[in-house]
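With the sequences and hints as input, model every part of the structure.
There are 2 protein chains.
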Amino acid sequence: MQYFEDIVVGTKSSFGNHPVTHDEVVAFATKFDPQPFHLSDDAAAQTHFGRLSASGWHTCAMTMAMVVENMKAHEQAGLGSPGIDELRWLTPVYPGDTLRCETEVLDKRPSSSRPEMGSYRSSMTVFNQHDVAVLKFVSIGLIRTRSGGKASE
Amino acid sequence: MQYFEDIVVGTKSSFGNHPVTHDEVVAFATKFDPQPFHLSDDAAAQTHFGRLSASGWHTCAMTMAMVVENMKAHEQAGLGSPGIDELRWLTPVYPGDTLRCETEVLDKRPSSSRPEMGSYRSSMTVFNQHDVAVLKFVSIGLIRTRSGGKASE
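Residue numbers (my numbering), protein chains in the order written: chain A, 1 to 153; chain B, 1 to 153.
Since the hints were made in silico from the structure, they are not lab data.
Incorrect hints may appear among the rest.
Because identical chains cannot be distinguished in the list, a pair is counted as satisfied if it fits within a single copy or across any two copies.
Stated by the list, open to error - When the alpha-carbon atoms are kept at most 20 Å apart in a straight line, the in silico DMTMM-like pairs for lysine to aspartate or glutamate are as follows:
(1) Lys31 x Glu69
(2) Lys150 x Asp6
(3) Lys12 x Glu116
(4) Lys72 x Glu104
(5) Lys12 x Glu86
(6) Lys108 x Asp42
(7) Lys136 x Glu86
(8) Lys12 x Glu75
(9) Lys136 x Asp85
(10) Lys136 x Glu104
(11) Lys108 x Glu86
(12) Lys72 x Glu86
(13) Lys150 x Glu5
Here's what the structure looks like:
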């Protein structure tokens with residue numbers, strides 16, 4: 001189990017191998033982002049996208065699926081995420097693509113008010129099968145301290 | 001149809017009335033964010049969340065659903081979004097909640113290289129039925145100019 005004290009700034013990780021399927025692209029968009037370029041090839045052909053592409057939020061959700069899968073092998077005393085900075089959709093994601101993640105720990109700091117926890121920031125870049133970056137963001141993570149704030153431990 | 005020239009900085013909008021359902025919270029999390037506090041009340045009770053809450057990315061997706069629904073009544077010559085800044089999940093979102101959006105146009109600028117388009121930034125705040133803010137972010141939108149870059153029009 002990884003705690004705040006175990007986080008090493010500069011650590012890089014690569015993980016994920018997530019197929020983007022036509023049916024899931026259409027199902028996600030139908031429910032959450034029903035714009036023509038996310039619903040069908042024919043409708044997308046009439047737009048600046050030219051062909052069916054995944055909702056940007058679907059790409060974020062697929063990224064989360066890879067993150068959670070990766071956490072199974074690398075358990076953390078995590079306390080969730082307060083947010084994301086500098087999210088950029090760089091290239092359209094298409095059915096048939098396969099996505100993977102590269103992360104790097106940017107910085108960490110103990111909580112000033114709650115000694116039982118700290119936070120750290122990581123960069124996330126998602127690539128497709130052509131090694132083209134499709135999404136990047138900086139995530140903030142909260143994580144327990146091993147000591148739980150008890151200085152004597 | 002609204003073009004870049006029609007965007008007025010400071011314009012505020014309120015829209016959306018989106019129910020958060022137990023089944024959709026579990027379905028989204030099962031596919032994209034299968035952490036215990038997003039999968040069942042029993043599993044969530046063992047965690048710092050205490051009860052079942054929606055994946056933060058699900059809240060983003062529900063927000064997009066409200067945005068797209070609102071666009072039906074307020075058509076834009078939109079060209080998609082390059083990204084999001086300062087995204088913060090402020091309060092857990094629970095099954096049974098109802099979400100709504102408040103937006104404000106923060107600034108706009110013509111493209112320096114492509115006179116046929118411009119960009120603008122908007123703040124988004126999502127509230128639950130108790131008027132508690134659950135999510136906020138700043139979105140960047142791309143939009144065509146009415147002139148299409150032809151100065152003589």
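Practice item. Sort out which numbered hints this structure fails and list those numbers smallest first. Key: 3, 6 and 12
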